[in-house]
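Kindly generate the complete structure, drawing on both the sequences and the hints.
Number of protein chains: 2
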Amino acid sequence: MVVCAFIRMSRRSVVNLVRLGTRAVSLLKGSSLRPFHTSVRTASSQPNAGFKPGKVAVVTKTTRYEFEQQRYLYAGLSEEDLKQLLAMKGSSYSGLLERHTIHTNNVEHIVKSLRREGIEVRVVKRGEYDEEVVRWADAIISAGGDGTMLLVASKVLSKDKPVVGVNTDPERSEGHLCLPVRYTRAFPEALEKLCRGEFRWLWRQRIRVHLEGTGINPISVDLHEQQLSLEQHSQAHRITTMDSQQRTGMLHDSFSKTSLLPIRSLNEIFIGESLSSRASYYEISVDDGPWEKQKSSGLSICTGTGSKAWSYNINKLAEQAVEEVLKIGKSQTGLDIPLNRDIIEMVTDEYNESLVFSPDDRRLFYSIREPIVNRVFSSSRQRGFASRVSVRSRCWDACMVVDGGTSFEFNDGAIATISMSEEDQLRTVVLEH
Amino acid sequence: MVVCAFIRMSRRSVVNLVRLGTRAVSLLKGSSLRPFHTSVRTASSQPNAGFKPGKVAVVTKTTRYEFEQQRYLYAGLSEEDLKQLLAMKGSSYSGLLERHTIHTNNVEHIVKSLRREGIEVRVVKRGEYDEEVVRWADAIISAGGDGTMLLVASKVLSKDKPVVGVNTDPERSEGHLCLPVRYTRAFPEALEKLCRGEFRWLWRQRIRVHLEGTGINPISVDLHEQQLSLEQHSQAHRITTMDSQQRTGMLHDSFSKTSLLPIRSLNEIFIGESLSSRASYYEISVDDGPWEKQKSSGLSICTGTGSKAWSYNINKLAEQAVEEVLKIGKSQTGLDIPLNRDIIEMVTDEYNESLVFSPDDRRLFYSIREPIVNRVFSSSRQRGFASRVSVRSRCWDACMVVDGGTSFEFNDGAIATISMSEEDQLRTVVLEH
Chain Z
1 MVVCAFIRMS
11 RRSVVNLVRL
21 GTRAVSLLKG
31 SSLRPFHTSV
41 RTASSQPNAG
51 FKPGKVAVVT
61 KTTRYEFEQQ
71 RYLYAGLSEE
81 DLKQLLAMKG
91 SSYSGLLERH
101 TIHTNNVEHI
111 VKSLRREGIE
121 VRVVKRGEYD
131 EEVVRWADAI
141 ISAGGDGTML
151 LVASKVLSKD
161 KPVVGVNTDP
171 ERSEGHLCLP
181 VRYTRAFPEA
191 LEKLCRGEFR
201 WLWRQRIRVH
211 LEGTGINPIS
221 VDLHEQQLSL
231 EQHSQAHRIT
241 TMDSQQRTGM
251 LHDSFSKTSL
261 LPIRSLNEIF
271 IGESLSSRAS
281 YYEISVDDGP
291 WEKQKSSGLS
301 ICTGTGSKAW
311 SYNINKLAEQ
321 AVEEVLKIGK
331 SQTGLDIPLN
341 RDIIEMVTDE
351 YNESLVFSPD
361 DRRLFYSIRE
371 PIVNRVFSSS
381 RQRGFASRVS
391 VRSRCWDACM
401 VVDGGTSFEF
411 NDGAIATISM
421 SEEDQLRTVV
431 LEH
Chain R
434 MVVCAFIRMS
444 RRSVVNLVRL
454 GTRAVSLLKG
464 SSLRPFHTSV
474 RTASSQPNAG
484 FKPGKVAVVT
494 KTTRYEFEQQ
504 RYLYAGLSEE
514 DLKQLLAMKG
524 SSYSGLLERH
534 TIHTNNVEHI
544 VKSLRREGIE
554 VRVVKRGEYD
564 EEVVRWADAI
574 ISAGGDGTML
584 LVASKVLSKD
594 KPVVGVNTDP
604 ERSEGHLCLP
614 VRYTRAFPEA
624 LEKLCRGEFR
634 WLWRQRIRVH
644 LEGTGINPIS
654 VDLHEQQLSL
664 EQHSQAHRIT
674 TMDSQQRTGM
684 LHDSFSKTSL
694 LPIRSLNEIF
704 IGESLSSRAS
714 YYEISVDDGP
724 WEKQKSSGLS
734 ICTGTGSKAW
744 SYNINKLAEQ
754 AVEEVLKIGK
764 SQTGLDIPLN
774 RDIIEMVTDE
784 YNESLVFSPD
794 DRRLFYSIRE
804 PIVNRVFSSS
814 RQRGFASRVS
824 VRSRCWDACM
834 VVDGGTSFEF
844 NDGAIATISM
854 SEEDQLRTVV
864 LEH
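Residue numbers (the numbering used here), protein chains in the order written: chain Z, 1 to 433; chain R, 434 to 866.
No false leads were slipped in.
Lysine-lysine pairs mimicking DSSO-like chemistry, simulated, CA-CA at most 27 Å apart:
no., chain 1, residue 1, chain 2, residue 2
1, R, Lys-749, Z, Lys-330
2, Z, Lys-52, Z, Lys-161
3, R, Lys-594, R, Lys-626
4, R, Lys-516, Z, Lys-293
5, Z, Lys-112, Z, Lys-125
6, R, Lys-741, Z, Lys-327
7, Z, Lys-330, R, Lys-741
In short, the hints are calculated from the structure, not lab data.
Predicted model only: the values in this text are computed from it and were never measured.
Right, here's the structure in full:
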């Protein structure tokens, strides 16, 4: 008997159903690790009306020159002393000053271009950037590198506020979260395109974290703001913990209610021991699956945006390794596999490209860094996609680091649940060619 | 014209010449990454006269139970409070106590076996173990896991003092530096074999480090002794630096003479930012080659012994990755490569086994962990063998960690030269079957 039914579905459900179908086909083909690229154009990528914000905040990075200057001025040293000190370390004072000048010139270029269009501009150093600036602005420009973009995004919790990154030092910064480098010195062109609607919105999916259990502390530490040393990092954690413990009493600071942390991760969440040389112990459950005890160098859970960042570096293979695998494969199978430089390069590139997936993808990608697999510990899958990952800390002095910049204590007994939600998107811009 | 000459050579030179030959053949065959296994038996592996030390020091680890007890007793908590606290964190008090009992029973078994043979025994906790104990003992037994073995080795700078590791908790500890697990409860058998000469000496080559340049501090911090948190770690570094600076004056603490550090690494030297989430910047020169600027998650330089430890975890591939490489190789070449579970497992195993080399090998193995290769940074080789590696720090708050246990400050301007010398060997035992 055939039954015909009309089912009411939202556009997003239809999109997801198509995705599921594509994924099923993909899985059947056996390439479960490949990201799937949906050919269904989502609402976010259709052509737009022009965008011309009335008020723009330009958030600028702190250059290394400014940083060293502040650091040594604080110690009571003169500019001349700074030069000497840098020289002794093999660093170049004039090099730092040059990069600083390039950055400040580029910022000026951006600001002038905006003002020429009658846009009200507020230039804000990273230290002064806060929720008030976000509320004031119609759009926010990050003037720096990817780190500055991550900082800017960290205070934008709404999915409606546009954020645009401009790479102010293309020679030093990769800038993959920023506009193409040609717009750095030709910013009016970028403004023109925005005005004319020759761009599309890209809603970058971000990660949210729920924290519960013992040993948690919902107060974070900012790693970038003061370029904290390890000591200051832990001290900062300890102070916030002590405050928290004094208020609740130590033995009774047991199962705290689940808190949704006030952060949204644009790149990744990294969980592991704070001390880089110490192994991390934890338990992990993927998509509500069984808990698995693991020992490793840490766990990375990234977004599509972050799949080009730290996660990429954790998982990518060097040609050297790919060549060795293919050679062994060749000798094991006895087949005459051609192993010239080109083939090795192509296989390496294809492998590494498969690690990258779309910023608007609703999935997380988890990677276990340097899993320690032996008689005692095991690991079913080293990495994969998921909707949800739960981690229980068995660590001594660990942290959960958001986008390499904000750190939460995550010690023995704490449980983090990592997931995504549509409302956590960040509205960014992709300029059409 | 043929010239015949008799050349006087030491046995070791002959061995090295054969090795060079074997290596040259190996390189010509194109498998430069494979370790070479010399078939020439070195002096260290010939049968021996029996070994029966008069005085043996047994160095014991601190069990997790003892550790938690000390930690909470210090906080003024009772045993009952300890139980509760552990339960709240999801840990098991009875579990910890059980493992503690297993360890102490095994230590007792070892000590009794030794005394029954008329050997004078001194049982020393890790906190009490020092150079005086090393001088007193004819041989040292490490009673714990691999960590305890590394600690024991760290204070033995002579290549003549035998060190033997016994794994006192085989269910929890990998023990790859220890005797096979069957000897843990059958220690008299091991003693019997030692007595009868049914064993061979294995001289494990270790690493030495020279430090020079600005920002160095030859005083180290012990990571294990107090299970230091990040804060304590950096605080300890800072205190030793301040002492040093007060003595020499800050601006004039410039190019210090090269110091040979009083440590010999049995597993590896790890160089990188102390904070696990921060990228490391440095310059590296291999075998006096050109300096290369790099950005990565750190650098590991290991011995043959250490090639099964952290370095192994950095470089090994999961079946998941090998499968993907072979699949892509298959699709790129169009060849019908069989990709069943067995083949993938065999290729993975062979690849991973090639990362391990002999503990008495005179070479270092360097690995760049998660190299960041982009428009700005490059990396010629991700890993390889060398006789010598020099590293110049461009880090903010980095350290050089020896065997995961001893940490030296290694900041911007410091230069470390890592090499091996015959006198740095550690005398250990391999029991024959």
